[in-house]
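Given next are the chains, with one letter for each unit.
There are 2 protein chains.
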Amino acid sequence: MFELEAICGRARAGKLKTPHGKVETPCFMPVATKAVVKTLTPEEVREVGARALISNAFHLHLRPGAKFIEQMGGIHQFMGWGGTIFTDSGGFQLIRSGFELKVRDSGIRYKNANTGAIEELSPEKCVEIQAALGSDVAMALDDCPRFGTGREGVLESTRRTVAWARRAADARKESGQLFFGIVQGGLDEKLRKDCADALVSLDFDGYGIGGLSIGESRDEMLKALRWSAECLPAAKPRYLMGVGSAAELLNSIAEGVDIFDSAFPTRNARHWTIMTSAGNYSLSRAEHASVKEPLEEGCVCPTCRNYSRAYLHHLCKENDMLGMRLASLHNLFFVEWLVAEAREAILRKRFPEFRDHFLSGLPQKTETGEEE
Amino acid sequence: MFELEAICGRARAGKLKTPHGKVETPCFMPVATKAVVKTLTPEEVREVGARALISNAFHLHLRPGAKFIEQMGGIHQFMGWGGTIFTDSGGFQLIRSGFELKVRDSGIRYKNANTGAIEELSPEKCVEIQAALGSDVAMALDDCPRFGTGREGVLESTRRTVAWARRAADARKESGQLFFGIVQGGLDEKLRKDCADALVSLDFDGYGIGGLSIGESRDEMLKALRWSAECLPAAKPRYLMGVGSAAELLNSIAEGVDIFDSAFPTRNARHWTIMTSAGNYSLSRAEHASVKEPLEEGCVCPTCRNYSRAYLHHLCKENDMLGMRLASLHNLFFVEWLVAEAREAILRKRFPEFRDHFLSGLPQKTETGEEE
Chain A
10 MFELEAICGR
20 ARAGKLKTPH
30 GKVETPCFMP
40 VATKAVVKTL
50 TPEEVREVGA
60 RALISNAFHL
70 HLRPGAKFIE
80 QMGGIHQFMG
90 WGGTIFTDSG
100 GFQLIRSGFE
110 LKVRDSGIRY
120 KNANTGAIEE
130 LSPEKCVEIQ
140 AALGSDVAMA
150 LDDCPRFGTG
160 REGVLESTRR
170 TVAWARRAAD
180 ARKESGQLFF
190 GIVQGGLDEK
200 LRKDCADALV
210 SLDFDGYGIG
220 GLSIGESRDE
230 MLKALRWSAE
240 CLPAAKPRYL
250 MGVGSAAELL
260 NSIAEGVDIF
270 DSAFPTRNAR
280 HWTIMTSAGN
290 YSLSRAEHAS
300 VKEPLEEGCV
310 CPTCRNYSRA
320 YLHHLCKEND
330 MLGMRLASLH
340 NLFFVEWLVA
350 EAREAILRKR
360 FPEFRDHFLS
370 GLPQKTETGE
380 EE
Chain B
10 MFELEAICGR
20 ARAGKLKTPH
30 GKVETPCFMP
40 VATKAVVKTL
50 TPEEVREVGA
60 RALISNAFHL
70 HLRPGAKFIE
80 QMGGIHQFMG
90 WGGTIFTDSG
100 GFQLIRSGFE
110 LKVRDSGIRY
120 KNANTGAIEE
130 LSPEKCVEIQ
140 AALGSDVAMA
150 LDDCPRFGTG
160 REGVLESTRR
170 TVAWARRAAD
180 ARKESGQLFF
190 GIVQGGLDEK
200 LRKDCADALV
210 SLDFDGYGIG
220 GLSIGESRDE
230 MLKALRWSAE
240 CLPAAKPRYL
250 MGVGSAAELL
260 NSIAEGVDIF
270 DSAFPTRNAR
280 HWTIMTSAGN
290 YSLSRAEHAS
300 VKEPLEEGCV
310 CPTCRNYSRA
320 YLHHLCKEND
330 MLGMRLASLH
340 NLFFVEWLVA
350 EAREAILRKR
360 FPEFRDHFLS
370 GLPQKTETGE
380 EE
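Which chain is which? The protein sequence lines are A and B, in order. Numbering-wise (the numbering used here), the first sequence opens with residue 10 and increments by one. Numbering-wise (the numbering used here), the second sequence opens with residue 10 and increments by one.
Everything labelled a hint here was simulated from the structure, so no lab data went into it. There may be inaccurate statements among the hints.
Which copy? The list can't say, so a pair holds if one copy fits it or any two copies do.
Only pairs whose alpha carbons sit at most 20 Å apart, straight line, appear in this in silico PhoX-like list of lysine-lysine [stated by the list, open to error]:
| id | residue 1 | residue 2 |
| --- | --- | --- |
| 1 | Lys-120 | Lys-43 |
| 2 | Lys-301 | Lys-76 |
| 3 | Lys-26 | Lys-245 |
| 4 | Lys-43 | Lys-326 |
| 5 | Lys-202 | Lys-245 |
| 6 | Lys-326 | Lys-301 |
| 7 | Lys-76 | Lys-326 |
| 8 | Lys-301 | Lys-43 |
| 9 | Lys-24 | Lys-301 |
| 10 | Lys-43 | Lys-76 |
| 11 | Lys-326 | Lys-120 |
| 12 | Lys-245 | Lys-120 |
| 13 | Lys-43 | Lys-245 |
| 14 | Lys-31 | Lys-120 |
| 15 | Lys-245 | Lys-24 |
| 16 | Lys-199 | Lys-182 |
| 17 | Lys-232 | Lys-120 |
Given only the sequences and the hints, what does the whole structure look like? Please build it.
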């Protein structure tokens, strides 16, 4: 299911085999929360190099409904993506978006905005939803503490995450669908390790590492990542959830992460932030108005091959959707190119040099997350 | 410059030769007001069959500026469209959008929203702007009366339109750019004919027919169109401005119109109105939620070849930009297909049968314009 091809330091190159094809790792998954990578067709997403997407079980459950998508032939058929699809449980989005009313041991209570009803997302329900969606990789429901939660709260959410993972593992039916647990534990070494150990004992097909890049510093993130990763089995894939900035990708690959996802490249694009090897910039700035060169010199993405920065700046000023599309293509291409280059460097046992060289071209930052 | 290939009744098939290629007529031009067909790339616009676009001189003058676009290599280079580009003068949009402060004989006074300055768009300025943009076909500035204007007002605007056309013709410099006058005259037979006659005496390369499909009935529109068209020389192309619904296209082709433009197919699409041979429908309606078939059965557009109506309904419910793109592609394909079929029917001398058959499949309406 997961084949490790090369190791360079702690960095790994591998292949994840899923019911919808092999995914070379390290890999980056564009976010298709509602069964669409905003502004882009599946064909375009594939063209910029993505082989796996992540969608959101909770959002699709709300609308149009998991059973409905099952009747439509499953999520791949429904959205027209023939490659690998991960589904996140939705716990993170539920809590982040203010949907949730209360997290209890039984599950997450929320108000369904479409119907007004009070409902509960339980670990078992989450398994059921993802089975109906037919994703290649399902994630166990986790309880992700908000950044800044005290030790007691993190302890509680970690305990709950493990209990939910166990219930999810019990509820899971045999199928080709892979199933990943999610390591929580905040920024606490013991909790991270305890959580990882407990999940490993449940023998998941792979492991998500959650609760990071939500406000902590880069140093804190890397420590928590390391504590999590060093307890995980080498033979299983590791998926750092919600990370998509260039520096964090490379630093996390160095810690042995195989899989990433983030809405940042596409969300940034819709807000006119362009990702490049020299750091991000805002296309709205007047200095780009008459630049005949592309978004990034030397870039061979579909946008840079065809459009000047001046034209894209014009589309930005008009807040035009074509501009958001073209910026999304560029940013995704950039991130997919970056992880592909990292993979090549690992295979050639030159990852540290590649990373150092690349990072030296980026502005120095200490916080996690993306500027927008 | 314009070659008439076939006539069937009053319907005509021809070829318009411009500095950026030949355009087979009847033709329909997607609207790229601000040098972009909203949501779509030039490549996609070409793929659905368009060979000419119309952009707006006034809007581009406001931002990013005609001189700027000239410095960027002209409008074709700037927006990446290698085919024919018409530019409308902008008088219609200026008046329609409430930009204008006062229409005087010297020109249209307006407040520049970007700078706050009071400026005037004169016939001469309009020629200058379009020359700088480098469009293939420029339109003379016209004074288009609002629907419901009394006879005195229509008389005044028609007189002004002719006077402005004369000044524009005088101001025009020799170049490869073609130059069209615009026939006004409201719904008045004498004014339509007088205006057309006066413009013909100025010997434009072609003639726009303006001020129609703005609220009058279909019968009124066709009468005013006929009065205009019968005064125009057979050897010059005729362009009915702002018409893009299926029935009006076919009825106007029957009156001898060669060229059309309208924002309706793309604007409808962004508001989830789908155009088909059986009439328009709103994709937002619940009855489309679980339809596995495409937007229109038998349609071979890029959207219908790849996506179910159920998925597009889902994108509609999420108000997703990919959905707007895919609906735009479908609607443009539909209109381009329709005028191409009309052309074939004219060449085969079977246009009346084609039109009657097609119209019999559409819901009957008496008003002009599109449902949304």
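Against the structure, the hints come out as follows:
1. Lys-120 / Lys-43: within (18 Å within a copy, 42 Å between copies)
2. Lys-301 / Lys-76: Close across copies (15 Å), not inside one copy (50 Å); limit 20 Å.
3. Lys-26 / Lys-245: Only inside one copy: Lys-26 and Lys-245 sit 12 Å apart there, 64 Å across copies, limit 20 Å.
4. Lys-43 / Lys-326: Answer is between: at 11 Å across copies they meet the 20 Å cutoff, but 28 Å inside does not.
5. Lys-202 / Lys-245: within (16 Å within a copy, 81 Å between copies)
6. Lys-326 / Lys-301: Within one copy only: 16 Å inside, 38 Å across.
7. Lys-76 / Lys-326: Close across copies (17 Å), not inside one copy (42 Å); limit 20 Å.
8. Lys-301 / Lys-43: between (36 Å within a copy, 18 Å between copies)
9. Lys-24 / Lys-301: neither (40 Å within a copy, 34 Å between copies)
10. Lys-43 / Lys-76: within (15 Å within a copy, 43 Å between copies)
11. Lys-326 / Lys-120: Between copies only: 19 Å across chains, 38 Å inside a chain, cut-off 20 Å.
12. Lys-245 / Lys-120: Neither, since 36 Å and 65 Å both go past 20 Å.
13. Lys-43 / Lys-245: neither (28 Å within a copy, 51 Å between copies)
14. Lys-31 / Lys-120: Neither way: Lys-31 and Lys-120 sit 38 Å apart in one copy and 59 Å across, limit 20 Å.
15. Lys-245 / Lys-24: Only inside one copy: Lys-245 and Lys-24 sit 11 Å apart there, 64 Å across copies, limit 20 Å.
16. Lys-199 / Lys-182: neither (32 Å within a copy, 80 Å between copies)
17. Lys-232 / Lys-120: neither (36 Å within a copy, 58 Å between copies)
The structure shown violates the earlier hints numbered 9, 12, 13, 14, 16, 17.
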